[in-house]
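Asks: Each protein sequence line maps, in turn, to chains L and A. Using our numbering, the letters of the first sequence correspond one by one to residues 1 to 273. Using our numbering, the letters of the second sequence correspond one by one to residues 1 to 273.
These aren't lab readings, by the way, just hints derived from the structure by calculation. Bear in mind the structure is a predicted one, so any value in this text is a computation, not a measurement. Some clues are possibly wrong.
Some chain A residues near chain L, calculated using beta-carbon distances under 7 Å [what the hints assert, rightly or not]:
no., residue
1, Ala-66
2, Ser-67
3, Ser-122
4, Asp-159
5, Gly-162
Even for Gly, the Cβ is constructed at its ideal location relative to N, Cα and C.
2 protein chains.
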Amino acid sequence: MKFVDMLKARWRAANTLLCVGLDPDLARIPEHLRNGADPFFEFCKSIVDATAGFACAFKPQIAYFASAGAEDSLQRLIAYAREAHPAIPVILDAKRGDMASTAHHYAREVFERYNAHAVTLSPYLGFDSIEPYLEYADRGTFLLCRTSNASGDDLQMLDVGGERLYERVARLAMQWNRGGQLGLVAGATYPNELARVRELVGEMPLLVPGIGAQGGDVQASVTAGQAADGAGIIVNSSRAIIYAGQGEHFAAASRAAARIARDEINRYRRVPA
Amino acid sequence: MKFVDMLKARWRAANTLLCVGLDPDLARIPEHLRNGADPFFEFCKSIVDATAGFACAFKPQIAYFASAGAEDSLQRLIAYAREAHPAIPVILDAKRGDMASTAHHYAREVFERYNAHAVTLSPYLGFDSIEPYLEYADRGTFLLCRTSNASGDDLQMLDVGGERLYERVARLAMQWNRGGQLGLVAGATYPNELARVRELVGEMPLLVPGIGAQGGDVQASVTAGQAADGAGIIVNSSRAIIYAGQGEHFAAASRAAARIARDEINRYRRVPA
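Bound conformation, chain L alone (with noise of 0.2 Å):
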């Protein structure tokens, strides 16, 4: 099945458009799991089987398993979702971005020793830097168009010939969508680009981190960013969820958390005529 009509499936049958960021922090691992055999993969577990009912996509993001050597954990974490929760996909949010034999190998981390169903890229190296991962026909992957931070605008707001570079890289990514695999990374703290984003892509799927933890408004982001059926955004939440609660009942205290940013998000889709 592809990674697009999986998240359709996922969107429709589970009526959420709810991702759930996987960042987890050694440091903010509740003490009973923090000194176990694996902290990161019991505490994520926990989270993924609490959140799974409003969740269309889980984003473990490697940076947090990586600074800590902790890729064992991640892989079994990944395993364990795929096995445990099916229908649900699991986006691994590693922006890589590199070239020729080297993309190769990165597209092989994610999809065979991860086996992950998408992945996230930067675009700055161009299209022969992405083809690699389009030649796993079932995965999906993200290209970051219009990142959620202060400091996007360095780049992504240039004016490139009548257009900001972030509008060129939409085009870009239409063009290069021949296999029906790609998507956008266009935050929630930028509405009007998520929507112009919207306009420019028709119904390809958009990752729309920013909402949560940075501050992003659920309201504007999901009116801007919607496709005409109400679905198309994958909304992530990671600290705002993972860290709802702390001690013995975390995972009951994300999953509150999860339930909550579901409906919110809910509350704001255009229902399709």
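Place chain A on chain L using the hints.
Replies: Chain A alone, transformed into the frame defined by chain L:
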């Protein structure tokens, strides 16, 4: 000691601008090592020892280790290179690019876990995505500017108001370089743009991939990239050196290839007045 001072000292002391790129692909590692306990480490260690006399830097490419789950080998390799060849900086080619706490985790990965002297990063997310790396005052950071691949044009050659995007990145790097930690990546396959980057950045170190297997012209790129003092560039060759020979004598062949590359680069260096 600051990264840039270490690099300058090495350029001078060893009279070399050659960087040995470590891209170990298991399928190309000689058979007598391939079935050993740690083929990635043993292969790269032999290359490092054989080529050290001709190297101003080593550049392991993390994708080759990550695709094989060989992070431990990479850690071991960098620790070994630091111990056995303490005057030669190790640049971890990782092309990371992310923001806020995620960028801090990536910085911790490259500078604490792997203990690299320098790293490569993507500029697409702007200054605040670079800052967490600059907090490590003695380490270096190379931003992608003009990459050596054909599709580099897609974004990097866009006109952003009277200059190309790669030129803007070079000028931004000059602004962002308050602590003297930044360098740029500019490929040998585009000597005209390499010359332009040099014009824009004064003495800033340039990492120049693309000679050897990628076909960049040594004379053209050394002429274009060198600073006024005949140094300023780190000219990387990976496959042409590490796969110069086969079988049991691979290290001797890589040593010979490194010597030839070093000499060829030096032939075109300007001698300062």
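Asks: Would you pick out the hints that fail for this structure and give their numbers low to high?
Replies: 5
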